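**Student:** Here is how the chains run, residue by residue.
2 protein chains.
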Amino acid sequence: MNRQQLIEQIRLKKSYLCVGLDTDAEKIPAHLGRNAKGILDFNKAIIEATLPYCVSYKINTAFYEAMGARGWELMQQTLEFIPSTHLVIADAKRGDIGNTTGMYAKAFFDKSSSGLSFDAITAAPYMGKDSLEPFFAFENKWVIVLALTSNAGSADFEQQTTGGKKLYELVLQEFTKIGTPENLMFVVGATKAELFTEIRKYAPEHFLLVPGVGAQGGDLEKVAQYGMNSDVGLLVNASRSILYAGSGTDFATHAANEAKTLQQQMEKTLNL
Amino acid sequence: MNRQQLIEQIRLKKSYLCVGLDTDAEKIPAHLGRNAKGILDFNKAIIEATLPYCVSYKINTAFYEAMGARGWELMQQTLEFIPSTHLVIADAKRGDIGNTTGMYAKAFFDKSSSGLSFDAITAAPYMGKDSLEPFFAFENKWVIVLALTSNAGSADFEQQTTGGKKLYELVLQEFTKIGTPENLMFVVGATKAELFTEIRKYAPEHFLLVPGVGAQGGDLEKVAQYGMNSDVGLLVNASRSILYAGSGTDFATHAANEAKTLQQQMEKTLNL
Chain L
3 MNRQQLIEQI
13 RLKKSYLCVG
23 LDTDAEKIPA
33 HLGRNAKGIL
43 DFNKAIIEAT
53 LPYCVSYKIN
63 TAFYEAMGAR
73 GWELMQQTLE
83 FIPSTHLVIA
93 DAKRGDIGNT
103 TGMYAKAFFD
113 KSSSGLSFDA
123 ITAAPYMGKD
133 SLEPFFAFEN
143 KWVIVLALTS
153 NAGSADFEQQ
163 TTGGKKLYEL
173 VLQEFTKIGT
183 PENLMFVVGA
193 TKAELFTEIR
203 KYAPEHFLLV
213 PGVGAQGGDL
223 EKVAQYGMNS
233 DVGLLVNASR
243 SILYAGSGTD
253 FATHAANEAK
263 TLQQQMEKTL
273 NL
Chain W
3 MNRQQLIEQI
13 RLKKSYLCVG
23 LDTDAEKIPA
33 HLGRNAKGIL
43 DFNKAIIEAT
53 LPYCVSYKIN
63 TAFYEAMGAR
73 GWELMQQTLE
83 FIPSTHLVIA
93 DAKRGDIGNT
103 TGMYAKAFFD
113 KSSSGLSFDA
123 ITAAPYMGKD
133 SLEPFFAFEN
143 KWVIVLALTS
153 NAGSADFEQQ
163 TTGGKKLYEL
173 VLQEFTKIGT
183 PENLMFVVGA
193 TKAELFTEIR
203 KYAPEHFLLV
213 PGVGAQGGDL
223 EKVAQYGMNS
233 DVGLLVNASR
243 SILYAGSGTD
253 FATHAANEAK
263 TLQQQMEKTL
273 NL
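Just so you know, the protein sequences line up as chains L and W, in that order. Position one of the first sequence corresponds to residue 3 (the working numbering), numbered consecutively onward. Position one of the second sequence corresponds to residue 3 (the working numbering), numbered consecutively onward.
To be clear, the hints were calculated from the coordinates, so they are not data collected in a lab. Each hint should be verified, as a subset may be incorrect.
Put simply, identical chains are the same to the list, so a pair is met inside one copy or across any two.
[Stated by the list, open to error] BS3-like mimics (lysine-lysine), calculated; alpha carbons at most 30 Å apart, straight line: (1) Lys203 <-> Lys29; (2) Lys39 <-> Lys113; (3) Lys46 <-> Lys113; (4) Lys262 <-> Lys167; (5) Lys16 <-> Lys224; (6) Lys179 <-> Lys167; (7) Lys203 <-> Lys167; (8) Lys167 <-> Lys270; (9) Lys179 <-> Lys262; (10) Lys113 <-> Lys203; (11) Lys39 <-> Lys167.
Being a predicted model, the structure only gives us computed values, none of them experimental.
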């Protein structure tokens with residue numbers, strides 16, 4: 003999915019919601035069964051229930067890797083439930099030297115190699131620009147580079163000052179040299195909404211993937227106030243607050259209601 | 003495998019060699035078949051040929067993830083060829099917020115969950131100390147945190163100065179607060195051997211995993227001169243130079259010879 007198609011979907015749905023499929027067998031409704039089939043049925047129901055209210059799904063690969071080879075099959079099967087109208091993100095936080103990152107690109111972008119074809123992958127910037135370059139070689143695919151995250155540990159390195167700016171600002175500065183608003187986004191946590199103004203100086207046009215609204219305590223209105231640009235430029239993720247909104251047989255209805263509530267809050271922040 | 007057992011193996015074999023299983027179907031000898039069975043036969047032969055000369059194997063997960071679910075099965079099958087005398091490293095470069103890293107720990111450390119039980123995992127430090135904490139909760143398992151890598155892009159962030167020290171020095175300083183020489187190692191590239199003296203000020207007792215000898219041009223003697231401590235404290239990795247030493251039916255003999263040459267070079271640097 004390219005940038006124009008993403009923006010069109012946001013305008014159509016009046017939503018910039020990304021639903022995070024951090025599916026944990028221990029937390030899904032008991033009647034589904036705490037096994038691979040239960041997870042697959044859960045994901046299918048969540049996707050069908052939330053499709054009208056979101057523009058993107060984010061698969062947290064760790065939750066599937068924890069099940070080994072079977073988990074990778076579940077990722078592949080889950081992707082098949084998601085229509086091409088929705089941007090599909092592998093939240094995988096990969097990054098390594100060039101020839102290895104080329105292999106990760108095959109894993110997440112090249113269906114003929116791995117069976118998986120995501121639209122986007124999250125990536126860790128620590129090893130520098132050349133470490134993520136192979137991801138940028140794929141047309142209509144996106145790299146979403148970690149900038150400022152919402153955990154307390156972001157103070158350890160991300161928020162340290164280097165050369166007059168914060169490390170996450172240096173990350174923004176450096177990666178906008180090799181990526182464009184057509185193939186590069188950044189992860190910015192919702193818990194630090196007032197910092198979006200500074201972040202927009204480095205990445206005025208880029209989309210930002212914003213976790214941390216909901217369970218992690220971020221404020222949607224502030225994120226929109228400080229972070230939105232003329233193309234909206236935001237994908238706000240919610241995972242647990244939607245997935246586990248209900249625990250009975252009507253869990254999908256609760257998930258839909260929660261997604262709809264977020265969509266309505268987002269609609270209020272949009273000037274479309 | 004714990005620290006004492008690792009040191010004993012190093013003394014026994016007179017080697018601190020780690021063989022990297024970055025197996026690429028496009029590069030293995032053609033007669034094996036460029037498919038899953040070919041890769042498995044290749045890995046088995048390489049492991050059997052190199053066992054006497056090394057103390058560790060490192061599986062570069064990207065090369066297996068590129069094959070999707072089948073690749074994860076290959077990782078699992080490959081682990082079964084490696085005896086418990088050898089430290090087995092998942093070179094996976096993971097790292098995320100705490101509950102997600104807990105899932106990665108299940109994926110790579112908890113056989114009952116994923117089918118995989120590595121001794122160690124490489125991890126990316128960008129998100130801070132709390133992002134890797136769940137890895138440290140497993141007994142007799144190791145976290146190998148990226149510090150200074152051998153790629154040119156290490157200049158972008160790792161070698162930038164923050165608070166009077168390089169970012170990779172800050173990473174060493176911070177992670178030695180939560181990890182011990184019993185459960186924490188660092189990745190330090192061989193191409194910057196003279197920097198090992200500084201690195202040892204931050205991590206005098208910790209093992210260092212050193213890629214970049216061989217194909218990447220690093221110098222084993224200098225690494226030993228500047229990096230070795232009284233417990234050796236080094237695992238030096240070679241991948242392509244061993245795996246692809248030969249391309250005919252006698253590839254395993256060539257791999258053994260290459261591993262033996264490295265072992266002999268290492269023996270000369272040891273005062274056991």
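**Student:** Decide, hint by hint, whether the structure agrees.
**Tutor:** Outcome of the hint check:
no. : hint              : in the structure
1   : Lys203 <-> Lys29  : neither (40 Å within a copy, 45 Å between copies)
2   : Lys39 <-> Lys113  : both (23 Å within a copy, 20 Å between copies)
3   : Lys46 <-> Lys113  : both (21 Å within a copy, 27 Å between copies)
4   : Lys262 <-> Lys167 : neither (39 Å within a copy, 48 Å between copies)
5   : Lys16 <-> Lys224  : within (18 Å within a copy, 60 Å between copies)
6   : Lys179 <-> Lys167 : both (17 Å within a copy, 25 Å between copies)
7   : Lys203 <-> Lys167 : both (12 Å within a copy, 27 Å between copies)
8   : Lys167 <-> Lys270 : neither (34 Å within a copy, 46 Å between copies)
9   : Lys179 <-> Lys262 : neither (37 Å within a copy, 44 Å between copies)
10  : Lys113 <-> Lys203 : neither (36 Å within a copy, 46 Å between copies)
11  : Lys39 <-> Lys167  : neither (48 Å within a copy, 51 Å between copies)
Hint compliance for this structure: hints 1, 4, 8, 9, 10, 11 are broken, all remaining hints hold.
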